[in-house]
Amino acid sequence: MGILKPSSRDDAFFQLLADSARQCVAAAGLLTQMLAADTTEREVLLPRLKDIEHEADEATHAIIRKVNTSFVTPFDHGDIVELAASLDDCTDAIEAAGQMVVLYRMNGLMPDITAQMEVIVRMAQLTADAMPRLATMKELPEYWVEINRLENEGDVIYRTLLRDLFGGAVTDPIEVIKHKDIIERLEQAADCFETVAHRVESIVIKES
Amino acid sequence: MGILKPSSRDDAFFQLLADSARQCVAAAGLLTQMLAADTTEREVLLPRLKDIEHEADEATHAIIRKVNTSFVTPFDHGDIVELAASLDDCTDAIEAAGQMVVLYRMNGLMPDITAQMEVIVRMAQLTADAMPRLATMKELPEYWVEINRLENEGDVIYRTLLRDLFGGAVTDPIEVIKHKDIIERLEQAADCFETVAHRVESIVIKES
Amino acid sequence: MGILKPSSRDDAFFQLLADSARQCVAAAGLLTQMLAADTTEREVLLPRLKDIEHEADEATHAIIRKVNTSFVTPFDHGDIVELAASLDDCTDAIEAAGQMVVLYRMNGLMPDITAQMEVIVRMAQLTADAMPRLATMKELPEYWVEINRLENEGDVIYRTLLRDLFGGAVTDPIEVIKHKDIIERLEQAADCFETVAHRVESIVIKES
Numbered sequence: 001m002g003i004l005k006p007s008s009r010d011d012a013f014f015q016l017l018a019d020s021a022r023q024c025v026a027a028a029g030l031l032t033q034m035l036a037a038d039t040t041e042r043e044v045l046l047p048r049l050k051d052i053e054h055e056a057d058e059a060t061h062a063i064i065r066k067v068n069t070s071f072v073t074p075f076d077h078g079d080i081v082e083l084a085a086s087l088d089d090c091t092d093a094i095e096a097a098g099q100m101v102v103l104y105r106m107n108g109l110m111p112d113i114t115a116q117m118e119v120i121v122r123m124a125q126l127t128a129d130a131m132p133r134l135a136t137m138k139e140l141p142e143y144w145v146e147i148n149r150l151e152n153e154g155d156v157i158y159r160t161l162l163r164d165l166f167g168g169a170v171t172d173p174i175e176v177i178k179h180k181d182i183i184e185r186l187e188q189a190a191d192c193f194e195t196v197a198h199r200v201e202s203i204v205i206k207e208s
Numbered sequence: 001m002g003i004l005k006p007s008s009r010d011d012a013f014f015q016l017l018a019d020s021a022r023q024c025v026a027a028a029g030l031l032t033q034m035l036a037a038d039t040t041e042r043e044v045l046l047p048r049l050k051d052i053e054h055e056a057d058e059a060t061h062a063i064i065r066k067v068n069t070s071f072v073t074p075f076d077h078g079d080i081v082e083l084a085a086s087l088d089d090c091t092d093a094i095e096a097a098g099q100m101v102v103l104y105r106m107n108g109l110m111p112d113i114t115a116q117m118e119v120i121v122r123m124a125q126l127t128a129d130a131m132p133r134l135a136t137m138k139e140l141p142e143y144w145v146e147i148n149r150l151e152n153e154g155d156v157i158y159r160t161l162l163r164d165l166f167g168g169a170v171t172d173p174i175e176v177i178k179h180k181d182i183i184e185r186l187e188q189a190a191d192c193f194e195t196v197a198h199r200v201e202s203i204v205i206k207e208s
Numbered sequence: 001m002g003i004l005k006p007s008s009r010d011d012a013f014f015q016l017l018a019d020s021a022r023q024c025v026a027a028a029g030l031l032t033q034m035l036a037a038d039t040t041e042r043e044v045l046l047p048r049l050k051d052i053e054h055e056a057d058e059a060t061h062a063i064i065r066k067v068n069t070s071f072v073t074p075f076d077h078g079d080i081v082e083l084a085a086s087l088d089d090c091t092d093a094i095e096a097a098g099q100m101v102v103l104y105r106m107n108g109l110m111p112d113i114t115a116q117m118e119v120i121v122r123m124a125q126l127t128a129d130a131m132p133r134l135a136t137m138k139e140l141p142e143y144w145v146e147i148n149r150l151e152n153e154g155d156v157i158y159r160t161l162l163r164d165l166f167g168g169a170v171t172d173p174i175e176v177i178k179h180k181d182i183i184e185r186l187e188q189a190a191d192c193f194e195t196v197a198h199r200v201e202s203i204v205i206k207e208s
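Chains as they are written, first to last, in full-length UniProt numbering: chain A, 1 to 208; chain B, 1 to 208; chain C, 1 to 208.
Misleading hints may appear alongside valid ones.
Same chains, same label: a pair holds when it works inside one copy or across any pair of copies.
[What the hints assert, rightly or not] List time: in silico EDC-like cross-link candidates among lysine to aspartate or glutamate, alpha-carbon distance up to 20 Å:
| hint | residue 1 | residue 2 |
| --- | --- | --- |
| 1 | 50 | 153 |
| 2 | 50 | 151 |
| 3 | 66 | 11 |
| 4 | 50 | 155 |
| 5 | 206 | 76 |
What the hints contain is simulated information worked out from the structure, not anything from laboratory work. Computed from a prediction, not measured in an experiment: that's the story for all the values here.
Whole structure, please, built from the sequences with the hints as guidance.
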């Protein structure tokens with residue numbers, strides 16, 4: 001409620017949220033690289049993905065510490081914490097998918113995994129672009145409408161992958177379990193970005 | 001907090017929430033029909049399920065838009081948005097189960113799936129009946145107690161299904177994966193209705 | 001906000017939360033016993049686990065009723081309800097894992113399951129120790145930092161278990177599905193304790 005008057009002090013919050021979102025972009029970029037790599041290269045890339053996940057944790061705790069020590073915050077304390085937590089969940093989900101790709105020593109990933117991953121990369125980028133706009137509360141509906149559209153696009157790809165997987169693309173049951181797990185984890189990562197968009201929408205509603 | 005004095009303006013919120021809950025009822029009814037149908041018929045019915053899911057999305061956004069443009073709301077802005085979102089999750093979960101039934105070209109569904117689905121149908125109906133009662137905050141404990149009871153009933157059916165599934169009712173591992181997925185998605189749909197009931201309980205506590 | 005002045009009336013809330021957390025400890029202890037037992041003994045122990053889960057439900061409802069009838073609560077009504085609900089989720093998750101161990105008639109559990117379970121036992125104990133400290137809001141960061149550390153430790157064990165499982169420790173695909181399910185449910189139980197810690201952190205931030 002009330003008129004939002006972002007000050008230079010407030011800006012630090014949006015910078016920290018943007019930092020966290022940039023870790024999502026970095027994680028999505030690295031996972032894209034890992035999916036295209038062979039199993040040996042993936043193991044080399046994995047520690048960098050873990051580092052990004054760790055940096056995202058740091059960014060999240062920096063936000064929480066700042067909320068903790070600020071009398072004035074640009075919007076409700078709890079909302080900032082929840083938004084930061086949901087951004088962190090995105091990076092966690094991408095890292096978890098990367099861990100599984102290595103752990104399962106995945107060979108012959110289904111080609112549409114690339115399309116599923118591209119949707120996540122675009123969601124991450126849009127999220128990173130949107131965070132600084134929280135300072136002015138402008139052009140945010142465009143962001144969440146596009147995230148919702150991408151989530152639907154991701155859903156269609158996800159279902160196509162499952163149909164192909166169970167339609168005979170993979171026949172060894174243990175391989176089917178592994179592929180299904182990777183596909184579902186990428187779908188969960190996409191869902192995490194949708195949750196971030198829902199939180200942004202909810203904040204905009206409260207503040208307007 | 002304070003005494004709730006619902007006005008005619010407030011009533012629109014309860015109507016919109018009831019609209020969304022009616023989409024849950026419609027989705028549960030259609031999925032019941034689909035489970036009883038053969039694979040060809042199911043493909044014919046699926047687009048109607050997708051339409052219901054889309055209408056539920058519209059109902060949810062109508063609620064959010066109304067919250068957005070209303071100065072006075074019957075209870076906390078954020079609580080209405082979260083309640084609407086959790087109702088939408090119910091329809092989404094039912095639709096997702098329907099998508100999987102078609103996608104997996106399920107044959108020979110286990111008979112107890114019908115019992116599991118009946119619990120969901122009753123949860124949806126109770127939820128739709130309860131939404132208008134938010135206007136008066138009356139007879140709501142009966143609703144959430146009964147939802148909790150049904151959720152427990154659904155749990156027992158879910159576990160029986162899993163025991164039978166792994167007890168030899170299905171022997172092909174890939175078929176086991178598919179059946180387990182359908183059974184779990186229906187269990188998740190039941191959980192979504194429990195979340196709605198928890199949110200209603202939480203709102204009643206806040207407002208009382 | 002404001003200075004927290006816990007009175008004797010407030011103390012009852014922390015006692016009730018501690019009661020609920022003690023059910024988590026009891027459930028974790030019993031599940032540890034069940035994992036070490038044979039299939040016949042497990043079936044004998046399961047009803048006691050269900051009783052604990054039921055007592056945790058009672059504790060949760062006692063908290064909600066008390067919130068409902070208290071004009072003054074030590075912190076925000078909704079936060080108490082959510083904290084109580086997340087504690088209840090921990091016991092539910094442990095009970096659900098126990099149900100599955102019995103239902104799947106698990107034989108030859110992987111040895112590292114014991115290590116995974118030990119992490120959960122320690123998380124439950126730390127949580128029960130922390131609840132009374134909510135009265136003074138002291139020494140809580142130590143609690144959530146240690147929970148986060150344990151959650152990471154649990155993650156590593158979880159991934160090792162999955163690597164071994166898919167690395168040939170179990171070869172029958174249907175057995176792989178069952179083991180994976182148990183391992184994932186224990187991981188979910190650990191995640192539930194992390195959620196409790198996040199809620200505590202969020203309450204401390206709000207109140208400070």
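Hints, one by one, checked against the model:
Taking the closest pair of Cα atoms, residue 50 and residue 153 come within 20 Å of each other only across two copies (14 Å); inside a single copy the shortest separation is 28 Å, beyond that limit. In the homo-oligomer, the alpha carbons of residue 50 and residue 151 lie at most 20 Å apart only across protomers (15 Å), although the nearest pairing inside one protomer, at 25 Å, exceeds that limit. Taking CA atoms no more than 20 Å apart as the test, residue 66 paired with residue 11 passes inside one copy only; the shortest distance there is 12 Å, against 30 Å between copies. For the homomeric pair residue 50 and residue 155, the shortest alpha-carbon distance between copies (13 Å) is at most 20 Å, but the shortest distance inside one copy (27 Å) is not.
Taking the closest pair of Cα atoms, residue 206 and residue 76 come within 20 Å of each other both inside a single copy (9 Å) and across two copies (10 Å).
In summary, this structure violates none of the numbered hints.
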